[in-house]
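> Top line first, the protein sequences correspond to chains A and B.
So the first sequence is residues 1 to 198, counted in this note's numbering.
So the second sequence is residues 199 to 396, counted in this note's numbering.
Take these hints with a grain of salt, some might be off.
Distance windows between CB atoms, simulated [claimed, not checked]: (1) 221(B) - 3(A): 40 to 46 Å; (2) 264(B) - 12(A): 38 to 44 Å; (3) 143(A) - 361(B): 39 to 45 Å.
Residues on chain A that point at chain B, a partial pick, calculated with CB under 10 Å [claimed, not checked]: (4) 24; (5) 25; (6) 48; (7) 97; (8) 111; (9) 112; (10) 122; (11) 143; (12) 147; (13) 160; (14) 165; (15) 167; (16) 172; (17) 183.
For the record, the hints were derived by calculation from the structure and aren't laboratory data.
Note that CB positions come from ideal geometry on N, CA and C, so glycine has one too.
The residues making up each chain are set out below.
Protein chains: 2
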Amino acid sequence: MSSPFDPTREHAISRWQPVSSERVADCRVFRVDRAQFRHPGRQVTADFYVIDSSDWVNVVAVTTAGEIVLVNQYRFGAREFSWEVPGGLIDGAEDPIAAGRRELLEETGFGGGEARLLGSIWPNPAVQNNRCHLVLIENVTRMAELAWDEHEEIESLCLPADEVIARARAGEIRHTLTLTALFLFEPFRRKAGSAPAV
Amino acid sequence: MSSPFDPTREHAISRWQPVSSERVADCRVFRVDRAQFRHPGRQVTADFYVIDSSDWVNVVAVTTAGEIVLVNQYRFGAREFSWEVPGGLIDGAEDPIAAGRRELLEETGFGGGEARLLGSIWPNPAVQNNRCHLVLIENVTRMAELAWDEHEEIESLCLPADEVIARARAGEIRHTLTLTALFLFEPFRRKAGSAPAV
């Protein structure tokens, strides 16, 4: 029997077919399309709004002292300050790991170390067409002065990995992509005085 | 010294002030606004696009056998099938736990058990103004026939909690809100033959 997690298996549910798409709004960092899909069995069509966005990257950067680098920004959607791991938009065909290193350096001045991809997930598959790549970079060090984007003001802080995870579970970190990054990072975190718990 | 996680403390970064907002698009399940904010120090204004949405709820439902209830749907943004925990939009002033119970019952037929709020997080605080409430319901049982919304076709599956977490970390579950729900659920999961590991 094929795995229920195999997307190519025969499904009891239907894979709708995209028919056409019309741009509704261009909002700089994203665009809104009205897309028509056809149901393969019932031969009906329906319109759904889709947010078109480039892929994103988020970075769990761990210093040589075992601390995670966090950033705090004012967020215009939530109208609140938010502690998060560094991240941003991937430029065109930029490699996710290169993009993660670039965002980390721009936002915090940290660099170096060994990078790997933790996973590639969907920020909102119901409505958005993009993915977010989650990157782990171990043994980063402070390498450069900060280079914020226009309208960016970013505070940064390094805290022990276990404290970051505890604060996240206690509700002090609320950005879902950071929480997902910590979920995927958790098996890799180094216990004090022991080998990596992979 | 106040905690860096206290949003009311004095910040090195600035809390922008919302000035005005104009509706750009109405897309049924969300709306797009162009919002003007003023920087309190520099006295400049800037426009940012904000997606207005009602709050969402996602539910980690654990059966009396210790299995998590998952649903699989075709997702029009990602154009793929996606295994997730049940969830949806909160209706107006509906209580998050009541909304979670309603969505769980509609999508899977499961109900009953003991519910608690795991946390309330931001799906996308940079651009969206809504929160997602993550609810844990323990000891659910199958109670009703399915009642799908229009255009919904939902497959469901119960798997042991540890298997769900392992599959999520292996990349077989990719929806960030489900991954965040599992992150917040993890300390509550019951080990076989032991007390809850809270």
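> Using 10 Å as the Cβ threshold, decide whether residue 25(A) counts as touching chain B.
holds, 4 Å
> With chain B as the partner, please determine if residue 172(A) meets the hint condition of a C-beta pair closer than 10 Å.
holds, 4 Å
> Is the hint on residue 160(A) kept, meaning its closest Cβ partner in chain B is under 10 Å away?
Since chain B brings no Cβ nearer than about 14 Å to residue 160(A), farther than 10 Å, the hint is violated.
> With a cut-off of 10 Å on the beta carbons, see whether residue 183(A) makes it to chain B.
It holds, given that the least Cβ distance between residue 183(A) and chain B is near 4 Å, below 10 Å.
> Was the hint right that residue 97(A) lines chain B, CB cutoff 10 Å?
With a closest approach of 16 Å, the residue 97(A) hint is violated.
> Against chain B, with CB atoms and a cut of 10 Å, does the hint on residue 111(A) hold up?
violated, 22 Å
> Would the hint on residue 167(A) stand, with a C-beta cut-off of 10 Å toward chain B?
holds, 7 Å
> Under 10 Å is the threshold here; is the Cβ of residue 147(A) close enough to any Cβ of chain B for the hint to stand?
violated, 16 Å
> Restraint: residue 143(A) near chain B, CB-CB cut 10 Å. Satisfied or not?
This hint is violated: residue 143(A) lies away from chain B, its Cβ roughly 21 Å from the closest one there, beyond 10 Å.
> Taking 38 to 44 Å as the hint, is the beta-carbon distance of residue 264(B) and residue 12(A) inside that range?
Roughly 25 Å apart at Cβ, these two residues miss the hinted range, so it is violated.
> The hint names residue 48(A) as touching chain B; please verify it with the least Cβ-Cβ distance against 10 Å.
holds, 4 Å
> Is the interface hint satisfied for residue 122(A)? The criterion is a beta-carbon contact with chain B at less than 10 Å.
Check passed: Cβ of residue 122(A) comes within 5 Å of chain B, closer than 10 Å.
Hint check: violations occur at hints 2, 7, 8, 9, 11, 12, 13; the rest are consistent with the structure.
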